[in-house]
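Participant: The lines below spell out each chain.
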Amino acid sequence: MATMAQAIRMALAYGEQHLGVTDIFGEDVGPPLGGVFTCTQGLRTAWNSPLDERGIVGAALGLALAGQKPVAEIQFSDYIFNAIDLMKLAANSTWSSGGEFTVPLVLMTTVGSGVHGSIYHSHSFDAFATHLPGWKVVIPSNPLDAYGLMIASLKDGNPVMYLEPKCLLRTKGLERIPGEPADERELRDRIDAPLGDRSQWKPRWPALLEYEVPLGKAKLCREGTSATVVSYGRTLPLCVEAADQLAAEGMRFDVLDLRSLMPYDWAAISASIRKTGRVLFVNEDTEVTNFGEHLLRRTIDEFFYELAVRPRLLAGRNVPGIGMAPTLEDASVPQSANILAAMREIAIEPA
Amino acid sequence: MRFVRSVTTCADLSVHRFHWMTQVQEVPQSGRLSPAMQLRIHELMVKSRAAEERCIQMSKAGDGWFWIGAPGEEALGVPLGLQVKKGEGLDHDFLHLHYRSSPIAIAMGLEPIDIIRQMGAKATDPFSRGRNFVNHYAVRRWNIVPMAPTIETQFSIAVGTGIAQRRHGGTGITIVNGGDGGTHEGDFATCLLWSIRPGQELPILMITANNSFAISTPACTQHGVSIAQRVKGYGIPTLSIDGNDVHQSWKAIAEGMAYVREKRKPFFIEAKVSRLHGHSSSSGANRVNEEDPITRFEQSLIKGDVATRAELDIVWSRYREEMADAYEQVKREPYPDPSDVERYMYAEPKENYYNPKPRNGFAE
Ligand SMILES: Cc1ncc(C[n+]2csc(CCOP(=O)(O)OP(=O)(O)O)c2C)c(N)n1
Ligand SMILES: [Mg+2]
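Chains as they are written, first to last, in the numbering used here: chain A, 1 to 351; chain F, 1001 to 1364.
Worth flagging that the hints you see were computed from the coordinates, not collected in a lab.
Note that CB positions come from ideal geometry on N, CA and C, so glycine has one too.
Incorrect hints may have been included.
Derived Cβ-Cβ restraints for the label pairs, each shown as a range [to be verified]:
id : chain 1 : residue 1 : chain 2 : residue 2 : range
1  : A       : 307       : F       : 1337      : 49 to 59 Å
2  : F       : 1287      : A       : 19        : 46 to 56 Å
3  : F       : 1262      : A       : 200       : 46 to 56 Å
4  : F       : 1339      : A       : 326       : 45 to 55 Å
5  : A       : 51        : F       : 1062      : 45 to 55 Å
Coverage of chain A stretches by chain F, computed from C-beta distances (three or more under 8 Å per stretch; other residues unrestricted) [as the list claims (entries may be wrong)]:
id : segment
6  : 84-91
7  : 236-245
8  : 300-313
Please construct the entire structure, taking both the sequences and the accompanying hints into account.
Facilitator: As structure tokens, this is what we get:
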């Protein structure tokens, strides 16, 4: 099965072939490297930009205004902050011009912990991303969704932030991407750049098929009535794993993979909360002014009298960074054990 | 917030002034515009000034709020606007403008009443539907991309239209302008750097309107070398001109545009201009004692027997009357409907993004 990085690469290749993608660019995005996580290897329109995040987002916005279809990358969301001015402009240009201009662009950036990235390669960006009205925001948790969300983002016609959970980029999927060869080795031979001299190398893309994960649609990964767990990105597979373990103790969870943070699937969350009366939101961004806090607030506004127990949020500690030492990282962002404990607790608490 | 003009001016700093004068003398002085063209330019300068003066009156009278605009930049803006290759799409020029660009836009054919509509934040404001400050245009049919009050960000965005136009070929170029203070932002360096990547040079004409101030901060207290000198370090050809002189502006812009259109490489113009009503309504918007480029141009028109004082006065009264009428009309036009606040958030009508139902007029 394809890794998430291969899935993104294939979706971008599909975008070049069928959706009019004109530019895929950013720091080390073009040859020879094809992205520090290999997501842009072999792509026809990929090129290396100057090391200038403001310029990258500005150029993407200008390209979009000029009728092109750009995909820009900020190598690590930890380094996106000096570009927020330009991101605000991408977000407000349609609104501020009364619909005169639209901004069809995709901005990819890697997020989250799990790769021993220390202070500057572990940031989450979901709270900031969802605080820029005008953007759509997606975050896949598996290769098939990564493929389908990218294709939907490229077709959307608005600025879409595509958050890549970096610790999942090398994980393989359980479901095949439409058009993906059955043999993993064949896929590698076709689309992974060789080590060493790559100057003559060209990918042989498989015959890829269109597959869209609609923006704003969550995925119900596990079903149950004990409680609802809503997550995305790195922590999503941990929630699924915990649900499977707790099944042995007789608990069954609805586990929702949000996939899109803006717009988000409130209908799916609502339906599940109505069913279980218990909801736990899980993400790894710092807990103060966290996107999960917004979901909590809305839960209280709309379901206060229907809840069996207090709704809750499991999120990252409110510290300025994630420390290098594994003990510090584990103490900063939710790990399997924390998630399992929080899920057990919400499921068994007396109503 | 009101500012008293600082006592330190660039005139006090002879070193800076000397730099400036040497730059100016580099400009070739030959060639004149035809009398008909001179009269057309004069008319557009007055038209633009009359619109701005009306907006200033509106801000003082409470018929609008914040004002910021171009009085003092007419001799630079009108010759620029008249030479734009106007239209939609990559074959035409893209414009990334700052908030002192009414002479450019009016020379391109913008109707001043629309500026007055934006000043009044009316629903009829065609650029932003009552959302943005005055003089912040967005005109798709002329490639004037949405303007923003964030200083100098237009220089980063210009890179993108520049890349698209480089790839497209033809003679359409990207034009970007801003103030002297703005050149300290990273976006200015972004535009310079991205437009000289080897083999990837961009067809961008960059213009700095140097009015010697950023709000209250005198340029001479912040610029160690002239802006053009800095740009020269990037290997980009530059011209430094007296932007209060119509003929110099016209020639420099013609030269810069010809270079960019043909060579598909960047060009930079630093133009010294006046700022006749201070920074904005925040500093009172009162007339200050700086050279008026229209007065200067009128003196040359009279001296050159192109027009008489009486003929020029007719132009002034015509546009002042027109603006008074426009103002009366705009006064009767409505503000946007409150429900308009959510419109145009996305390219398509949206049901599924989060916006709480307003309660007591506000989001909860
Ligand atoms: C990024 C940013 N910082 C600060 C401001 C506030 N501000 C508005 S105008 C201005 C001065 C701009 O000076 P200059 O670039 O010389 O242009 P001028 O107004 O003189 O034409 C400042 C600081 C802003 N609008 N944007
Ligand atoms: Mg200035």
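Participant: Look at each hint and say if it fits the structure.
Facilitator: Hints and how they fare:
no., hint, result
1, A:307 x F:1337: 49 to 59 Å, "violated, 37 Å"
2, F:1287 x A:19: 46 to 56 Å, "holds, 55 Å"
3, F:1262 x A:200: 46 to 56 Å, "violated, 36 Å"
4, F:1339 x A:326: 45 to 55 Å, "holds, 53 Å"
5, A:51 x F:1062: 45 to 55 Å, "holds, 49 Å"
6, 84-91, "holds (count 4)"
7, 236-245, "violated (count 0)"
8, 300-313, "violated (count 1)"
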